[in-house]
Amino acid sequence: MLGEGDSKTEPKAPGGRRAGGRGPERLGRRAGQRRRGEHDAAPRADFRGRRVPSARQAGAGPGRSARFSAPWRPTGAERPRRWPCGGGCSVGHCHPLVVQAAHEQNQVLNTNSRYLHDNIVDYAQRLSETLPEKLCVFYFLNSGSEANDLALRLARQYTGHWDVVVLDHAYHGHLSSLIDISPYKFRGLDGQKEWVHVAPLPDTYRGPYREDHPNPAVAYASEVKRVVSSVQEKGRKIAAFFAESLPSVGGQIIPPAGYFPEVAEHVRRAGGVFVADEIQVGFGRVGKHFWAFQLQGEDFVPDIVTMGKSIGNGHPVACVATTQAVARAFEATGVEYFNTFGGSPVSCAVGLAVLDVLEKEQLQAHAACVGSFLMELLGQQKAKHPIIGDIRGVGLFVGVDLIKDKATRTPATEEADYLVSRLKENYILLSTDGPGRNVLKFKPPMCFSLDNAQHVVAKLDAILTDMEEKMRSCETLRLQPEAALLSPPLGECALLLVLGDPELGSLPSAVAPSFQTFCL
Amino acid sequence: MCELYSKQDTLALRRKHIGPSCKVLYAADPIKIVRAQRQYMFDEKGERYLDCINNVAHVGHCHPEVVKAALKQMEVLNTNSRFLHDNIVEYAKRLAATLPEQLSVCYFTNSGSEANDLALRLARQFRGHPDVVTLEHAYHGHLSSLIEISPYKFRKGKDVKKEFVHVAPAPDIYRGKYRENHADPASAYADEVKKIIEEAQNRGRKIAAFIAESMQSCGGQIIPPAGYFQKVAEYVRGVGGVVIADEVQVGFGRVGKHFWSFQMHGKDFVPDIVTMGKPMGNGHPMACVVTTKEIAEAFSSSGMEYFNTYGGNPVSSAVGLAVLDVIENEDLQGNATRVGTYLTELLNRQKAKHTLIGDVRGVGLFVGIDLVKDRQKRTPATAEAQHVIYKMKENRVLLSADGPHRNVLKIKPPMCFTEEDAKFMVDQLDGVLTVLEEAIGAQTESVVPENTPCRTKAAQCFVGSNPGRGHGTAHQTTLRQRPTCHN
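Those protein sequence lines, which keep their order, are chains Y and W.
Once you know that position 299 of the first sequence is 299 in the numbering used here, the rest is easy, because the numbers rise by one and skip nothing.
Once you know that position 11 of the second sequence is 11 in the numbering used here, the rest is easy, because the numbers rise by one and skip nothing.
If we strip away everything but chain Y, and leave its shape as in the complex, we get (with noise of 0.2 angstroms):
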C-alpha cells in the first residue's frame, strides 16, 4: 500500500519515450523528421493485382525486405503457431514498447483531459505533422464509433444541415447514430431513415462502373451528384458524405483515384462537409502514405478524419481530426465537449509509442514491400484458380475476391466460409466480408512478413487445390435438395460448400453422412 502523499517516490517519465523535458524547440518538427506522407520508395502495388516488382526483383534478399530494419521479432518461446490476417493491433500484438509506454505511465498519472499535460498536446502535434496542414485540431476518445458520432455533430453544426450521404455497404460503427448511416447495418435493423441518403460503393469489380469503363471514379462520382441534386430537390440539406477511405466490410474496395476529389466537389457545393472515416485503414497501412486518403491525391484534403482501431496497438484510442473552422463552429454552441478517458495521459503515452514504432522499425514501408509480395503471390494464384474472382489492394489492406462463375461474378460464399475454415485448422485466421461475405480479407498487424505472406499463400493454394479435387470428384454424387437451395446448381458438387458455414449448424439428415465424407 502505498503511504499517503508518496513524496518519495521518484517518478518516472511519462511514456517510454521521452527522456528530460526539450522545452519549447519541440514545438516545431524534430530534426530529421520526415515530411508528411514521404517515406522510403517501395514497389507500389497496382491493386488490381496485375504484374509489379516482386520484392526479390527489387534487390530484397529472399525473403526478407530491403528496407525492414531490425524490428520486434518474438523469440522461439513466443513465436505464435497462428498467422493473424486480420485485426486492430497495428504494431504486432502486445509490442513491449507500447506496453512498457502504457505501464509506465499507469504508474505516474491516469486523468482526464480537464488538467493540462504535456501528452496530449504532444500527441495531437504528432498526429498533426502526419496530416495535412488543416486538419490541425484533435478530439480524443475511445473508440471509432465515438469518433463518427462526434464527426457526425461536428459536421452538422458546422454546416447546420442535416442530411447524410454514405455508400452502400458502409460500416462506420454501433452506436444508434451510426446505424443510421451504415447501410451495412440499417438494411437489415430499422431501414433507412428520410435524412441517409445512399450512393453506389465505387467498386471496379462488382459495382455499376467496372475496370472496364473508361473513367470509373468521374462515373461513381456523379452518381453522389446526382443523388445530392435529388436530396436537395426535395429541399433537404447535406451536411455531409461519410466515406470509409477503402471501404472495408464492403469488400475491401479500393475507390479509383480521382473519385473523392470529385465527391468532395460535389458534396461542398452544396454545403457538405468530406468525412474520411480512417479507422480501419489509416497509420501507414496503405504503405505509400500514412492515410488511405492520401492515394486520392496531394491535393485532397477531407474535412473531418476519423481514427480508430490500430491508433492504439488494442487500447481504447480514437481520435477525430479536423479544420479550426469545424471547431470553432462547434465551440460556438457554448456545449462542452468532454471525455471522460479520451486523451487521457495512458491513452495518449499509448498512441505515442505506436507512431514511435511505426517509424522506428519502418512498418509503413515494409507494409509496402511485403502488400506488394502478397498481392503478386495472390496474382499467381488467381490465375491458378477460377474461384478467385479479383486481388485488389493496398500495402497490407487486401481482398480476394471469390467466384462461382467468372463471367457473372456471383459471390461465392460458401466456397469462402468453407475456406476460412480450413485455414483456421491450419493456424491461420482469415475472415470474410463483402455483401457476399465471399472475400478474404487481409488486415495484418503490420510487422507481417515475407514469410507470413508466403506461407498463407501456400496454404490457400494447397486448400483450394484440394476443394478444386474433390468438386471434380463428386461428379457421382447426386445434389441434395436441401444443399442445391445453398447455392445454384453449377454442375458441381454443393455439398461440399455447405461444410462450416455457422448457420448451418445442424444439417438436415439425408444431406449429413455426405457432410461428413468431406469433412476433414
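Each statement offered as a hint is correct.
Pulled a few chain Y residues facing chain W out of the computed Cβ check, cut under 10 angstroms:
#	residue
1	D149
2	I279
3	A327
Everything labelled a hint here was simulated from the structure, so no lab data went into it.
Using N, Cα and C, we set each Cβ at its ideal position, and we do this for glycine too.
Fit chain W to the known structure of chain Y by using the hints.
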C-alpha cells in the same frame, strides 16, 4: 518531475491543437497535473492537491494492483472479444454476482456514453417502442443519441427537445417542486412521471424506457427519495417500457452500504438495464451494460451482431477484475460509509455556522453542498460557488461546482479518502466561507435592497475584486466561465 513542455507551452499547444470545446478546469488559471497517487494529485511544481472530485480514480490514482494487472495482461494478449477468453467471462461472472439475479447478461463497451447508447438500443429493440422518459437536468453522455435524452445538454445548446423525449421533474427534495416538507415526495414525483406517460400514450406514443441516473450528479448531487423508483418502475412497465438505471457516476460501492446506488431503494426495486462506467477501470477506458436474459434475447433476435472492437478485451477485463478485488480487499465500501458519515457530520456543523450553506446532502462518498444566497428562498449562490472552488484550489483542495445553477459543490473523491482528508477539506472550506461571508456582509451593510440587481452585482463585484486577497482579475474571469461537469 520530467516535463516535456513548460506549462505555458502546454497551454499554447493545447489551444493550437485540441478542440476548443474541450474545456479545462479552473479556466482562468488551469492546473497542470503531472502525477497522482491515491487521493492526491501533484502539479508540475510538485504541489500536492487533495482530490475531492475524481470518482473515476475509484480505488485511488495509479493503484499498484490495478497497474500490475494491466501490465501482466498487456504483455500476454490484448485482442477483441470474438475469441474465447477467460478474463471476459470471469469478469462478467463477478459483476453479475454483485447484482440482483435477473441482471445477468453483460455487454462490454469503452465508455459510459457507449453503454447508455446501447441501453437505449436494447430498450427500443425489446418491444419496438421508440420514446424515452428522462429527468430534468439529466446527463447521460456526449453521443448524439444521448444528448437527445440529456436536458442538461440540449437545453444549453440550440437543440430542441425531440418529440420522442419526455422530461419529468428531477426528484429534488431541496429545490424541486416537492420538498422535504411534503408528505410523500416520492409518490408526488413518481406521479409526475405517471402523468407524462399517460399524456404520451394519449398521443399514441409508446414508451421504450425511463432512464435516470441513480443519483443525479450534474443535476446537483440529487438523491431521489425512497420509494420513487419503485413507483416509477410500476408505471413504466405498465405501458411496456423498461427502467434503465444509469450507475455510470455512482456505482461500485460509492454509496457505502450498497454496491449499486439503486439498491438504496430496497430489494424490491430491480432495474431492467443497468449501465456502469467511469470508476469501473480506475481510469482505464471501460464500461458495461447489464440486463436480463429476456432483453438480451430480444436484442439478438434481430440477427444483427453487436461488436465492440475494444469492449471486453482481456486487458480491460483484467483491470476490471483488479478493481473489484481492491474494493473488496481494502473494504472501500466500509470506508465510504465511515468517512462519508463523518464528512457529512462535519459539513452539517458548517451548515449551522455558515448561512451560505443551504443544504448538505449525500450518501457514502457522494456528497453535495448546496450554496444559497438566501436560505428562505434558496436562491442559488452561483458566483459564490465559483469563488469557493477557486479559493479551495489555492488551498490545494480540488472541488467542482454543478447543478443547473452551478451552485452545488460536488464531493466524490477516490474511495480511499480518509477522515483526515475530510477534516482538512472541511477546515479549508470553513476558512474560505468565513472570509467570503464577512466580505458579503460588509458589502450588504452599504444598504443595498435585497432584491435589486445591484445586490447580485455587489456579490459579483466582491468576487471580482476581493480587497483582502487581491485576486480580482482571475476571479472576475471566473464569472464568465462555464463550470464543468461529468466528473
